[in-house]
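Chemist: Please build the complex by placing chain X on the supplied structure of chain R, with the hints as guidance.
Protein sequences appear in the order of chains R and X.
First residue of the first sequence: 1, per the numbering used here; consecutive thereafter.
First residue of the second sequence: 1, per the numbering used here; consecutive thereafter.
Quick caveat, the hints were computed from the structure, so don't treat them as lab data.
Glycine residues also receive a C-beta, built at the ideal position from the N, C-alpha and C atoms.
Don't take each hint at face value.
[What the hints assert, rightly or not] What follows is a list of derived Cβ distance ranges for each label pair: (1) R:9 <-> X:91: 35 to 43 Å; (2) X:37 <-> R:97: 27 to 35 Å; (3) R:88 <-> X:33: 18 to 26 Å; (4) X:91 <-> R:88: 46 to 54 Å; (5) R:88 <-> X:175: 49 to 57 Å.
[Unchecked claim] Covered stretches of chain R (in silico footprint by chain X; criterion: 3 or more residues with CB under 8 Å from a CB of chain X, positions within the stretch not fixed): (6) 20–32; (7) 35–42; (8) 51–64; (9) 76–90.
[Stated by the list, open to error] Calculated cross-link-like contacts (lysine to aspartate or glutamate; reagent style DMTMM-like; alpha-carbon spacing at most 20 Å): (10) R:93 <-> X:14; (11) R:36 <-> X:39; (12) R:93 <-> X:8; (13) X:68 <-> X:56; (14) X:118 <-> R:12; (15) R:36 <-> X:30; (16) X:118 <-> R:65.
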Amino acid sequence: MPDDTPIPAIHDLGGAARFHCTPVEHDEVPPDAFGKKVDALRQILAQKGLMTVDELRRGIESIPESEYFALGYYERWLRSVAALMVEKGVVEKDAVE
Amino acid sequence: MAAPPRPDSIALLDRLIAALEAKGIVTEAEIAARQAITDKASPETGARMVARAWTDPAYRALLLSDGKAAAEQMGASMAGAPPLGVLENTPGRHHLVVCTLCSCYPRAVLGYPPNWYKSFAYRSRAVREPRQVLAEWGLNLPDSVEVRVVDSTADYRWMVLPMRPAGTEGWDEARLAALVTRDSLVGVAVPQAT
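This is chain R alone, in the form it adopts within the complex (with noise of 0.2 Å):
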């Protein structure tokens, strides 16, 4: 029988078995002043009408996988939200490269 079963998406972690042998490291730092600002941003553009968060999330979910497991929780934010950004015409590409 052949496995038609699709390979799941990068982003799509529940059960995957690269980590089952990971522990869950207790990490309680808070978000650094980086993090804390990219969220910021985000939520006021969010407001402002100009992304949703379902748009955050195909920004964040199309991040090829070496660059999604490389970069940090919030370096994953901003580059969907510069991209959104970049795509809706609301800044110039060369400003944000």
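Modeler: Leaving out everything else, chain X in the frame of chain R:
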């Protein structure tokens, strides 16, 4: 531990904010003000909701039927937030919340999600071997207790209503709220009356 942001990420954030400022879309002051509001949200709100539910049956009913309304009664700002579902632990059922796809978390009542909640290991393992994950963190549930794992999403957030510990009869809300940790609201711990 979470690694610090890469220099190119810090530079990208600076450039993006500068470009948005030049367009008149955001200001640094606006970002700082929004951050200050976000910093204020904390698990104390969720803990007060639980303590109220333990002592007030009408509030408990509201909490279980409409978490968002119950949070607003406690002063949480829920405007624009997705619905908040509340999962009632019982002697036969324990709930554990995860977001396998990312990090969806009821931030208005719990604050920023901790790094472990966002970790690849937690997102992977919480749905595959929840008892093992809980045991590693010191919560050993007997086999007679069913473990129900609930996936938070961008469109629906979840919080746990833990069981009130024995030995807390007659305690007032403030004393009860002090027992309710953030971990017990996610389901990786249970409140203890020590």
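Chemist: Now tell me if each hint is right for this structure.
Modeler: We went through each hint and held it up to the structure:
{"no.": "1", "hint": "R:9 <-> X:91: 35 to 43 Å", "in the structure": "holds (38 Å)"}
{"no.": "2", "hint": "X:37 <-> R:97: 27 to 35 Å", "in the structure": "holds (31 Å)"}
{"no.": "3", "hint": "R:88 <-> X:33: 18 to 26 Å", "in the structure": "holds (24 Å)"}
{"no.": "4", "hint": "X:91 <-> R:88: 46 to 54 Å", "in the structure": "holds (52 Å)"}
{"no.": "5", "hint": "R:88 <-> X:175: 49 to 57 Å", "in the structure": "holds (51 Å)"}
{"no.": "6", "hint": "20–32", "in the structure": "holds (count 12)"}
{"no.": "7", "hint": "35–42", "in the structure": "holds (count 7)"}
{"no.": "8", "hint": "51–64", "in the structure": "holds (count 5)"}
{"no.": "9", "hint": "76–90", "in the structure": "holds (count 6)"}
{"no.": "10", "hint": "R:93 <-> X:14", "in the structure": "holds (14 Å)"}
{"no.": "11", "hint": "R:36 <-> X:39", "in the structure": "holds (9 Å)"}
{"no.": "12", "hint": "R:93 <-> X:8", "in the structure": "holds (16 Å)"}
{"no.": "13", "hint": "X:68 <-> X:56", "in the structure": "holds (17 Å)"}
{"no.": "14", "hint": "X:118 <-> R:12", "in the structure": "holds (13 Å)"}
{"no.": "15", "hint": "R:36 <-> X:30", "in the structure": "holds (13 Å)"}
{"no.": "16", "hint": "X:118 <-> R:65", "in the structure": "holds (17 Å)"}
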